[in-house]
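Student: Residue numbers (my numbering), protein chains in the order written: chain U, 2 to 61; chain H, 2 to 565.
In short, the hints are calculated from the structure, not lab data. A virtual CB, placed ideally from N, CA and C, is assigned to each residue, including glycine. Treat the hints with care, since some could be wrong.
[To be verified] Pair ranges (Cβ atoms, derived):
1. U:Gln24 / H:Lys406: 15 to 23 Å
2. H:Gln112 / U:Leu6: 49 to 57 Å
3. U:Asp46 / H:Gln514: 48 to 56 Å
4. U:Val50 / H:Leu294: 46 to 54 Å
5. H:Ser274 / U:Gln24: 35 to 43 Å
6. H:Glu118 / U:Gln9: 43 to 51 Å
7. H:Val286 / U:Phe54: 36 to 44 Å
8. H:Arg205 / U:Val50: 35 to 43 Å
[As the list claims (entries may be wrong)] Derived list of chain H stretches under chain U, where covered just means 3 residues or more per stretch with a C-beta under 8 Å from a C-beta of chain U:
9. 388 to 397
10. 400 to 412
[Said to hold, decoys possible] Rough simulated footprint, nothing fancy, chain H against chain U, three-plus residues with beta-carbon under 8 Å:
11. 19 to 26
12. 38 to 47
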Amino acid sequence: MNSNLRPQELESVYDALAESLDQAGEQDRLYLVKVALCLANLTGDADAVLNSFRECLEDL
Amino acid sequence: MHQPDTTPRHSIYYDYRVYPFSRPPEMDGHSLNHQVVIVGAGPIGMMTALNLAQHGIPSVVLEADNQVSHGSRAIVFTRRSMEILQQVGVTARILEKALPWSRGNSFYRGQCVFRMEAPDTPDSRFRPMYNLQQQYLEEYILDQVMHSELIEMRWASKVMAVEQDDNSVHLTVDTPEGEYRLTSDWLVAADGARSFVRSALNQRMEGASYSGQFVIADIRIDLDFPTERRAYFDPEWNPGNTVLMHREPDNIWRIDYQLPQGETPEQALSEASLHQRINAQLKMVGIDAPWELDWCSVYSARTLTLPDYRVGRVVFTGDAAHILPIFGVRGANTGLQDCQNLAWKLALHIKGVAGLDLVDSYSSERVQAAREIIDEAGKSTRFMAPPSKGYRLLRDATLSLSLQKDFVGPLFHWRTSRAHNYPDSSLNTAADNAVFASGPANGMPLENIQLSENNYLFDHLDNAFNLLLFNLTPVQLDQMQTLQANLRAEEIPINLLHVTSRPAEQAEPSVTQLVDISGHMRSAYGAGSGSVYLARPDHHVAARWLSLDVAAVKQAIDNILNKA
Ligand SMILES: Cc1cc2nc3c(=O)[nH]c(=O)nc-3n(C[C@H](O)[C@H](O)[C@H](O)COP(=O)(O)OP(=O)(O)OC[C@H]3O[C@@H](n4cnc5c(N)ncnc54)[C@H](O)[C@@H]3O)c2cc1C
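Looking at chain H on its own, in the form it has when it is part of the complex (with noise of 0.2 Å):
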C-alpha cells in the first residue's frame, strides 16, 4: 500500500499543508470511463487541468505525494511564465508575493565583469522575470484546480502500472486504501524528471549529460542586495568553479554552487561542508550575518529530451518530457510553454473538433523547441561547468579578458527561457506574413500591449482562436459575427477582438472592442484598417492579412484543424 509521510515538510518559511487521500469510485465497483487523466500534480500537471478545464474538458489528476514541492526548486518565472499563468487567472496572487527584476551581473575577481539588463516594455504587464518559491507557484495554481468542477484531485495516489490498447489507457493505482483500476481515454504524463509512465513504456531520452554537480540551499539571511542575478565566477574558496546568488521572497536567498571532483552529494551536504562553504561565499561579498538554512540539494545538469512526446494515447509533457539544466531557469518555464501547447490541442481533438495531427503538431513544435533550449543551455553550463579541458581554458582566457576587454561581455550571456517560435510548424497559412512591416510573424507569441492603464492586450485574450481585426467596417465586422456564430456552432472557440480608433458607443455584444485612438497597437502590429491576425489559444500567430478576406480566415482556422 502507497502511504505517503503525513507529516508537513518542515520549512522556516512556508506551511505545508498535508492533503487527504479520499477513496475514488472505482475503488467501490464503479466504473467509469475517464477523457483524460493527468498524472502527477506538479506545476505542469495541474496547468493542464486548468487549460483542458477552460475547454470544457474534465480530468482526473494522480498524484503520489499528498503536498506540493519538497523545497523551492524552481524560483525563477519569465514574462512568458507570467502571460500562461494569466491565462488561467493565477498571476494575481504572484504578483502580490513574487519579487520581479531583469538585471544580472557577473563577477570575476571582486569586480563587475558584465551586467546585462533583459529588456523591458511598458507595453506589459509583467516584467521579464519574477522570483517566487515553487512552492507558492503550486499552491496558487492549486487553489485555482480545486475551484474547477471539472477537475478531481486524487492525492496519495500512485500510478504503479500503465498499458494501452488502440482505445484507452489503463492504469493500476496504489493508494492508503490499496489498489484500484482506472481507465482513461487519454493519458498526460506529468510526472516530473523521474517519469514512471516514461520507464514503464520503455521511452529513451536523448541528450547528453554534464558531470558538474552542484549545490543549492536556499537560506534566510537579511541581505541588502537588490533582486538581480547574481554570478561569482571562480571564487577564491571555491577555485575554478561558479556560485550563484539569488533573492527569493521572504529574505530568502539562493546559493548555488558546484562541487570540487570527486565529492558525493552526501558530503557536499553534510553540515559542516554547507556551513563552511555558504561563510565563505558570504565572507567574500562582505557580508556577515546570521542565516538559517531551510533546504538544500545536490544536482547535475542535463540536456535530455523524448524524441516523440506522444506515444499512443499517452502525451508526455514538462520535466517527464524533457530535463534541462537550471541554468536560465528553464525547467518550469519551458513546461508552462509545454502544457499550454498541449491543452487545447487535446481537448480540441477530444471533442471531435480536430484531427489527430493537432495533438502530433505538440510534438513537433515543443520537440522543437527543446532541442533548441538544449543547445542555448548546452552553451551556459559549458561556460558555468566547463566539462573538459579546452573549454575550461576557454573559460578561463575569458575570465581573464573580462577585466579589460568588453568584446568578451557576451559570452557572459546566460541565456534565459524565452518564449519560442513556431515558424515552420504545419500550423501556419503563409497568406501576408511576409509582408508585414512589423507586428509578430508567424509562429511567434503576441506581443502585449499597453490600451490604457491597467488595461492590456492580454487581459482581453481568451482559451480561444484570437482573432485581432483592425478598424473593420460594420458590413466586415457583421460577417466576421457570421462565421464566429458558425464555428460555435462546431465548438470551435472564437474571440474576436476589434482593434479601433472609432469606438462605437454600443459595442457589439460578441466582439472585445479594444480602443486604440493613438494607432499604437496598430502600428506595432503593422496593420492598416481591415487587417487580421489569427492566432490561436495559445497565443501563437497561425496567419495575418493585410486586408480581411473572411474565406482566407476560415480556410486557415480548418488547416490547424486539419479540416483543409
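In isolation and in its complexed conformation, chain U is listed as follows (with noise of 0.2 Å):
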C-alpha cells in the first residue's frame, strides 16, 4: 500500500477531520473510532493498522 499522502490531500484531510470533529460535538470520540475502524478496514493491512496504534500511543 502507498502510506504517503501528497501534501495537499494531507492539507483537506486535516481540515476535514477538524470539521468533522467539531460537527461530531460531544461524540467526537466515538466519531474518531468509526473513523479508524473504517480506514482500518480500507487498508486491509492488520499489521500496519496495529503498528500506528502503537506509534500513536506515543508522546501522548
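Please dock the two separately framed chains into a single complex, following the hints provided.
Tutor: This is the structure in C-alpha cells:
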C-alpha cells in the first residue's frame, strides 16, 4: 500500500477531520473510533494498522 | 441433618417431582467399596453415570437436592450435545419437545444489523441448535438413569467432607436420617459451579470475572416471533446494555438483560423492577400482551477453569471444573463434551485396560478446550457487556457503523459452543492423517452422514472404539474380525463398521454394514478401498489410514491405552 498522501491531500484531510470533529460535538470520541475502524478496514493491512495504534500511543 | 425442602418447586409450566431419600446400606453397618461415586445429579453428573454404565462400570450418584434444576438455566443445546445425548439414548424425547433453530438476529435502533445462520446439513439427524428447558433435559436423562441397573441414585445426600489416600476417596454424607461414611476408588466431582469438592480439596480456578450482572427472566407469553436468537443492543429503555430474547417450549420466553451499574440483584429482581423492564422491552418490540413470570435469577459472566481436572483420585467435570459465561450457550454444552471425554477413559482405566495417562488425557484435552472457550467467550462477553471505557467505545462505534457498513457484521458473531478438536492430543497417531483430501482429521469428532432415509452414521456408533472400514476385501474383513476378537478378549470395546458399495447379502454378525452405493460417505471421508478411520468411544478421530494395515491399527489403539 502507498501510505503517503501528497501535502495538499494531507492538508485537506487535516481540515476535514477537524471540521468533522467539531460537527460530531460531544460524540467526537465515538466519531474517531468509527473513523479508525473504517480506515483500518480500507487498508486491509492489519499489521500496519496495529503498528499505527502503537505509534500513536507515544508522546501523548 | 440435611433435609432439603420436600415441597415441589413452583413453576407455571413444569411439574416438579420430589424424589425420596432411601436409606443406603452404609447406614446399616454394611461397608461397601464403590468403584465410582459421582457427586451431583445435574446433567453432567447423570450423563457421566450413564456413560460409565455403557462400559459396565457401576456408580453411586450423591445429590444434595431432591428435585431437578431450579428454573430452566441452560436452554440451548447444540448439535454436538445432541450427538452426545444420542449415545446414551435420550434424544428421542428431546426431539419431541425441543424447538430447533439456526438463525440469530442482532438489532440496533430498530434495524436488524446482522443476521447469522448456523450451517445446517441434510447429513445430520440434528439441527444446529435446540431450545429446551434444563428441567426437561434433566428429567429425560434421569429416566434413562432410573432404567440402568448399574446406577444408584441417592437423593437428599449432601457431601460434607472429602479425604483421599493413594487407594481411595472417603466421603462423609449428610442425609435426612443423619450422616454416614462412604468409600470409593474414584470420585467424580460434578457438583456444579459452587463445587464443594473443589473447595474441600483447595483447588483454585484461573481466569477472569466480568463486572456486568444480568437478569434472566422466563415468562409465559404468546409471541409470534420464530425460534431465533434475538439480541437488542443499546435499547432506549436500557441504554448501553444488551437484551436477549429466546423462545423456549411451552410458550415460555427468556428475556435476559444487563443491570444498570450499581444496582443490586435484590433491586433488579423486585417485582416492580422486573415488570417495568420486561414491559419496556415488550413495548419496544411492539408487543402488548399479558404475560406471567415463571422464574428469574441474576448472574455475572465469569471465565474460569481449574488448571488440572484430576487431583489424585478425584476428577472434576462440568461446572465444577470450569465456569463459563452463558453467552454462546457454553455451560451445559461444554459439560456434556467433558463427561463424554472422561467416562470411557475412566472406565477403561478402572477395568485395568488402560494406564493413568489415559485419564490424564481427559484433563489435558478438556482444560485446553476450556481455555479456547474462555478465549472465545471473552470476546463475546466484551462485546455484549464491555468491561472498560475502550471496549465500550469500540462496541458503540461498531453499533453505529452497523447501520451502514456490512464489514462490521462479523463482530456481532455470537460464537456459539462448538465441538472441540484435539489435534495435538497424545492419543493421536499421525499415520496418513495429513494426506487425506477430506473428512474429519485427527482430533475432530466424526462427521455424521445420512446413509438413507432416517438412517445416519451416528445411529450405528457404539460407546467403543469405532473403526470405519471402507470397501474392504473379504480377506481384510476377516483380519479385522480377528483383531476385534483379540481386543474384545482383553475387554477393549470395539465396533467394526464396514462402509461398502457392494453390500453382502449375508452380513457378518460382528460387523455393522453401512451401505454407501452412491459413494457419498466415501467421498465425504476422502476414503478409497481399504481406507480406515479409528474413532475413540467419544467419536473423536485418533488415526486414519488410506489403506488398511492391521498391525498399525492395533498399535494406534495400544498408543491410546498407553500400552505401546
Ligand atoms: C442462573 C443460571 C443461568 C444459566 N443459564 C444458562 C444458559 O442459558 N445456557 C447454558 O448453557 N448454561 C446456563 N447455565 C449453566 C448451566 O446451567 C450449567 O452449565 C449446567 O447446569 C452444568 O451442569 P452440572 O451438572 O455441571 O452442574 P449443576 O447443574 O449445577 O449440578 C450440580 C449438582 O450438584 C449438586 N451438589 C452441589 N453440591 C453438592 C454436595 N455437596 N453434595 C451433593 N450434591 C451437591 C447440586 O445440588 C446440583 O444438582 C446457567 C446457570 C445459572 C446458575
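Student: Determine for every hint whether it applies to the structure shown.
Tutor: Against the structure, the hints come out as follows:
Taking the beta carbon of each, U:Gln24 and H:Lys406 are about 19 Å apart, inside 15 to 23 Å as hinted. For H:Gln112 paired with U:Leu6, a C-beta distance near 35 Å fails the hint of 49 to 57 Å. Take U:Asp46 and H:Gln514: their Cβ atoms lie about 55 Å apart, and the range 48 to 56 Å holds. Separation of U:Val50 from H:Leu294 is about 47 Å and conforms to the stated range, judged on CB atoms against 46 to 54 Å.
For H:Ser274 paired with U:Gln24, a C-beta distance near 39 Å keeps the hint of 35 to 43 Å intact. Between H:Glu118 and U:Gln9 the beta carbons are some 47 Å apart, a value that agrees with the proposed interval 43 to 51 Å. Remark: the range hint 36 to 44 Å for H:Val286 to U:Phe54 is upheld by a beta-carbon distance near 38 Å. Range check, H:Arg205 to U:Val50: Cβ separation about 38 Å, and the 35 to 43 Å hint holds.
Restraint check on the segment 388 to 397 of chain H versus chain U: 3 residues with Cβ-Cβ distances below 8 Å, three needed, restraint holds. For the segment 400 to 412 of chain H, the proposed coverage by chain U is satisfied: 5 residues have a C-beta within less than 8 Å of a C-beta in that chain, meeting the threshold of three. Evaluation of the coverage hint for the segment 19 to 26 of chain U: breached, as 0 residues show C-beta separations to chain H shorter than 8 Å, against a requirement of three. Here's how the segment 38 to 47 of chain U fares: 3 of its residues keep a CB closer than 8 Å to some CB of chain H, so the rule of at least three is met and the hint holds.
Hint compliance for this structure: hints 2 and 11 are not met, and every other hint is.
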